[in-house]
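Chemist: Let the sequences and hints guide you as you build the complete structure.
Chains as they are written, first to last, in the numbering used here: chain A, 10 to 127; chain B, 126 to 786.
Quick caveat, the hints were computed from the structure, so don't treat them as lab data. Mixed in with the good hints there might be a few duds.
[To be verified] Just the calculated beta-carbon pair ranges, DEER-fashion:
#, chain 1, residue 1, chain 2, residue 2, range
1, B, VAL141, A, HIS84, 53 to 59 Å
2, B, THR170, A, LEU53, 38 to 44 Å
3, B, ASP382, A, ARG38, 51 to 57 Å
4, B, ASP382, A, LEU53, 45 to 51 Å
[Unchecked claim] Pairs of lysine-lysine residues, derived as DSSO-like cross-links and limited to a Cα-Cα distance of at most 27 Å, are as follows:
#, chain 1, residue 1, chain 2, residue 2
5, A, LYS99, B, LYS348
6, B, LYS552, A, LYS99
7, A, LYS99, B, LYS398
8, A, LYS44, B, LYS348
9, B, LYS552, B, LYS490
10, B, LYS353, A, LYS99
11, B, LYS555, B, LYS597
12, B, LYS548, B, LYS484
[As the list claims (entries may be wrong)] Example chain A residues on the side facing chain B (calculated, C-beta under 8 Å, incomplete):
#, residue
13, ALA26
14, TRP40
15, PRO54
16, TRP55
17, SER70
18, ALA74
19, HIS84
20, PRO86
21, MET110
22, GLY115
Think of the CB as a built atom: it goes at the ideal place given N, C-alpha and C, for glycine as much as any other residue.
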Amino acid sequence: MSTEEVKTEPKPVFKVASFQQNKNPNKKRAWKSLKQIITSERALPWPEDVIHYSSINAPPSFKPAEKFSDLSGLHAPYTDPQTRLRFANKEEYATLTDLPMDITAGYLALRGATSIVG
Amino acid sequence: MEILGFKDSKCVPDIVHPYTASLRNNAVPIVIDNGSYQCRVGWATNTEPMLLFKNLIAKPRKERSKKDTVEVPQTPQLQVGNDIVNIEAVRFQLKTQFDRNVVTHFEAQEHLFDYSFAHLGIDTENRVPHPILCTEAFLNPNSSRQLMSELLFECYDVPGICYGVDSLFALGYQESKPVDNALLVNMGYHSCHVIPVVNGKVMYEHSRRLNTGGWHIITFLHKILQLKYPAHATAITLSRAEELLHSICTVALDYRDELNKWNDPDFYEENIKKIQLPYAAAVATSSLTVEQQKERKKELARRLTEINARKREERLAEFQQKINQLNEILDMVQYGVDEDEIVEAMAEHQIKNVQDLQKNIAALKMKIDKTLQKIQAANNADEVDEPPAKQSKHTKMVFESEKAMHSFLQNIKKMRQEILHKKLVRKQRKQDMAKRRTAAGQERMRIISQLARKEKGNDDFGLRDEDWEIYKTISKDGGDSDSEAENEKLLEFEEIIRVHEPSELDEITTPGETHQLHVGIEKIRAPELLFKPYMLGSSDAGLSEVIGYVLSLFSYDDQLKLAGNVLVMGGLAHLKGLQKRLLADLVSIRPFQSEVNVRIMQNPNSAAWYGARKFAKSPEFKKSLLTKAMYEENGPEYFKEHFASNSFNPTPKGQPTEIDV
Numbered sequence: 010m011s012t013e014e015v016k017t018e019p020k021p022v023f024k025v026a027s028f029q030q031n032k033n034p035n036k037k038r039a040w041k042s043l044k045q046i047i048t049s050e051r052a053l054p055w056p057e058d059v060i061h062y063s064s065i066n067a068p069p070s071f072k073p074a075e076k077f078s079d080l081s082g083l084h085a086p087y088t089d090p091q092t093r094l095r096f097a098n099k100e101e102y103a104t105l106t107d108l109p110m111d112i113t114a115g116y117l118a119l120r121g122a123t124s125i126v127g
Numbered sequence: 126m127e128i129l130g131f132k133d134s135k136c137v138p139d140i141v142h143p144y145t146a147s148l149r150n151n152a153v154p155i156v157i158d159n160g161s162y163q164c165r166v167g168w169a170t171n172t173e174p175m176l177l178f179k180n181l182i183a184k185p186r187k188e189r190s191k192k193d194t195v196e197v198p199q200t201p202q203l204q205v206g207n208d209i210v211n212i213e214a215v216r217f218q219l220k221t222q223f224d225r226n227v228v229t230h231f232e233a234q235e236h237l238f239d240y241s242f243a244h245l246g247i248d249t250e251n252r253v254p255h256p257i258l259c260t261e262a263f264l265n266p267n268s269s270r271q272l273m274s275e276l277l278f279e280c281y282d283v284p285g286i287c288y289g290v291d292s293l294f295a296l297g298y299q300e301s302k303p304v305d306n307a308l309l310v311n312m313g314y315h316s317c318h319v320i321p322v323v324n325g326k327v328m329y330e331h332s333r334r335l336n337t338g339g340w341h342i343i344t345f346l347h348k349i350l351q352l353k354y355p356a357h358a359t360a361i362t363l364s365r366a367e368e369l370l371h372s373i374c375t376v377a378l379d380y381r382d383e384l385n386k387w388n389d390p391d392f393y394e395e396n397i398k399k400i401q402l403p404y405a406a407a408v409a410t411s412s413l414t415v416e417q418q419k420e421r422k423k424e425l426a427r428r429l430t431e432i433n434a435r436k437r438e439e440r441l442a443e444f445q446q447k448i449n450q451l452n453e454i455l456d457m458v459q460y461g462v463d464e465d466e467i468v469e470a471m472a473e474h475q476i477k478n479v480q481d482l483q484k485n486i487a488a489l490k491m492k493i494d495k496t497l498q499k500i501q502a503a504n505n506a507d508e509v510d511e512p513p514a515k516q517s518k519h520t521k522m523v524f525e526s527e528k529a530m531h532s533f534l535q536n537i538k539k540m541r542q543e544i545l546h547k548k549l550v551r552k553q554r555k556q557d558m559a560k561r562r563t564a565a566g567q568e569r570m571r572i573i574s575q576l577a578r579k580e581k582g583n584d585d586f587g588l589r590d591e592d593w594e595i596y597k598t599i600s601k602d603g604g605d606s607d608s609e610a611e612n613e614k615l616l617e618f619e620e621i622i623r624v625h626e627p628s629e630l631d632e633i634t635t636p637g638e639t640h641q642l643h644v645g646i647e648k649i650r651a652p653e654l655l656f657k658p659y660m661l662g663s664s665d666a667g668l669s670e671v672i673g674y675v676l677s678l679f680s681y682d683d684q685l686k687l688a689g690n691v692l693v694m695g696g697l698a699h700l701k702g703l704q705k706r707l708l709a710d711l712v713s714i715r716p717f718q719s720e721v722n723v724r725i726m727q728n729p730n731s732a733a734w735y736g737a738r739k740f741a742k743s744p745e746f747k748k749s750l751l752t753k754a755m756y757e758e759n760g761p762e763y764f765k766e767h768f769a770s771n772s773f774n775p776t777p778k779g780q781p782t783e784i785d786v
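Modeler: Written out as structure tokens, the structure is:
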């Protein structure tokens, strides 16, 4: 695909004409994602004292997670066993029971609570 | 309550700046603050960045041209940076060279460099004869830097490159003399960094990165608003969520406390922000009144009768002409004119003999009479001919009295209520059935178990038709579901009520009110993500916790120094209330009465560019430059260290790094 682009889009003059990032023009070059880069970086035998990208990840939280209502964001003492949504009061429960599936699923996905185990 | 609106600000395409001789001849360095949100580009001699654009390209997919079209498939226009005027129009084609805060996609990076250099006006052939000072991620992986050097040296043939970390440049800008101790908090688009600097040295091993940033807040806000207003999901765009983040979002000083306040209806009423979405005023079904419609119909009918009358008259004239001609021939026959002449004249009208001629004349006379009659009739009927107005589906029915109409309406309303009630009961039943501990649920279980208990020998279930009824009672729908017919009935009733009592069903007062977003808790809820990443399901610690953790890695003396000089920068540093919140959180974890100081950097957005520019002008810069010769000599991942750079750690050999493909 890059061969076509070269033809249609004029290359700026300041570029080296022969340069091609894509060594093989017939194949689209796949760029490694950050995840892949980190994995291959971690696999290397680095000296002890070297710090790299993945070694400064934030530590896990040691504080208990508070529970907030999915609908309003208020403190949520209750969870609806059917939809698994959290809610703060009976008015919210009333709206919650009327919500269609896609909305409840959206709220759960947002909180990252879609896994069956959790 | 004032109602806010969206600005929906658009990008202005950049101009191509002039490439002056002094720039060309002095090899002035180009300073690029390559951030995952925005990129700032300028000459080291500028005081402000010349270009400021979002690091995005919009690459339209190639139109899959159909096989039968012969024309050459056009490559659609590639839009880069500020070329993208309306970002929402190309939202699904956007690409960035960044994966989180690291450059990984160098094809996109190439397009963005093209854009930058072209708009700086550079026109030298096959090379960019200026050293580049480019920012990169804190602890940028070697492979990413290697590809960046490759791109800059081999594609643009630059004379030298210098890499540095944005936060460290910003620190150098903020303080005129080198700072010994500071705790940098850089709040970026994809990540937040906490970087301690002790005795002038960057403590890489004790830095931490929180993988939550502005992007997460924006998408979170976008999503909760979309879920709250599913009807306006398409009108709530990411750009608008971003606008809200900067216009009304604040960081709560004490989130718990703030939430309790929102529980109070008065506080809610006072502090809710109402934001108007653009809407088109409901188009009236037809702007014409009934009279006008009638008038128009009449007009049409009149025109039609006119046309008909004209046609009839034309026909009449035609007949009369013909009859005159035939009469002339008849006269000729009667006066005994030459035979040949008569035959000729008759042949003209395709008539064979005299009898035929007479027959024809008689027929024509009949026709003329008929037409005349018709014209007469049409003239008389003109006024009477108004067709009865067509009944639209639910126009007002005519009632003998007010009372009759009232009772009719009451009846309709009652029927509507009945259907609604039925629906409600059905829904309740369905819910009860689904649960275990309700009477309905237990009754259902009882029936099922009874059915299952039947002895094997004499199983005669299904012999009688009534047996099958049992399935209706135990099905989760409770036997019958909302039927189509019922829904239709309901609609019809509502329509009737609307016709007769227009104010009964719809209570909307102003047209725009349904297009308003009410943003209350959301404005503190979204920024709170920084402090509570678990709201997004992440297990990472929040910002304050990370800062506390980083401090805990130091000796008591160093902790004092760091906590006494916390510097906040990055795009999110503008958030209202952030400084107070960080200070409050820090005070709560620091020893009693120890010194704690949190400052927001001046120009937290562009401090990194200013700092980088300052460095590019210093004599240090020349020494820190990686030249092409060094690049070729020391390998592609080599770079020179300086006060604001990452540290160079050659990738260990043994296993070759697979960079290519």
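Chemist: Are the hints correct? Go through all of them and say.
Modeler: Now the hints, each set against the structure:
1. The beta-carbon spacing between VAL141 (chain B) and HIS84 (chain A), approximately 55 Å, falls within the hinted interval of 53 to 59 Å.
2. Roughly 41 Å separates the CB atoms of THR170 (chain B) and LEU53 (chain A), a value that falls within the hinted 38 to 44 Å.
3. The supplied range of 51 to 57 Å is met by ASP382 (chain B) and ARG38 (chain A), whose beta-carbon atoms lie about 53 Å from each other.
4. Against the hinted window of 45 to 51 Å, the Cβ-Cβ separation of ASP382 (chain B) and LEU53 (chain A) comes to about 48 Å, which satisfies the hint.
5. About 24 Å separates the Cα atoms of LYS99 (chain A) and LYS348 (chain B), which keeps this hinted pair within 27 Å; it holds.
6. Using a Cα cut-off of 27 Å, the hinted pair LYS552 (chain B) and LYS99 (chain A) holds, with the two alpha carbons roughly 18 Å apart.
7. With a C-alpha separation of about 24 Å, the suggested pairing of LYS99 (chain A) with LYS398 (chain B) holds against the 27 Å cut-off.
8. In summary, the hint linking LYS44 (chain A) to LYS348 (chain B) is supported, as the alpha carbons are separated by about 25 Å, within the 27 Å threshold.
9. At roughly 78 Å between alpha-carbon atoms, LYS552 (chain B) and LYS490 (chain B) are farther apart than 27 Å, so this suggested pair is violated.
10. For the given pair, LYS353 (chain B) sits about 18 Å from LYS99 (chain A) by alpha-carbon distance, which is consistent with the 27 Å threshold.
11. Annotation: proposed proximity of LYS555 (chain B) to LYS597 (chain B) holds, straight-line Cα distance about 12 Å (limit 27 Å).
12. For the suggested pair LYS548 (chain B) and LYS484 (chain B), the alpha carbons sit about 78 Å apart, so the restraint of at most 27 Å is broken.
13. Hint status for ALA26 (chain A) relative to chain B: holds, with the closest Cβ pair at about 6 Å, below 8 Å.
14. Contact between TRP40 (chain A) and chain B, as hinted, is supported at the beta carbon level, the nearest pair being about 5 Å apart and thus within 8 Å.
15. At about 5 Å, the closest approach between the beta carbon of PRO54 (chain A) and any beta carbon in chain B falls short of 8 Å, and the interface hint on this residue holds.
16. At a threshold of 8 Å, the smallest CB-CB gap from TRP55 (chain A) to chain B is about 6 Å, leaving the interface hint in force.
17. Checking SER70 (chain A) against chain B by beta carbon gives a least distance of about 4 Å; that is within 8 Å, so the hint holds.
18. Checking ALA74 (chain A) against chain B: minimum C-beta separation of about 4 Å stays under 8 Å; hint holds.
19. The criterion of a C-beta within 8 Å of any C-beta in chain B is met by HIS84 (chain A), whose closest approach is roughly 6 Å, and the hint holds.
20. About 13 Å separates the beta-carbon of PRO86 (chain A) from the nearest beta-carbon of chain B, more than 8 Å, and the hint is not met.
21. Because the beta carbon of MET110 (chain A) sits about 12 Å from the nearest beta carbon in chain B, more than 8 Å, this interface hint is broken.
22. Here the hint on GLY115 (chain A) is kept, as its CB sits about 5 Å from the closest CB of chain B, short of 8 Å.
Taken one by one, the earlier hints fail for this structure at numbers 9, 12, 20 and 21, listed in ascending order.
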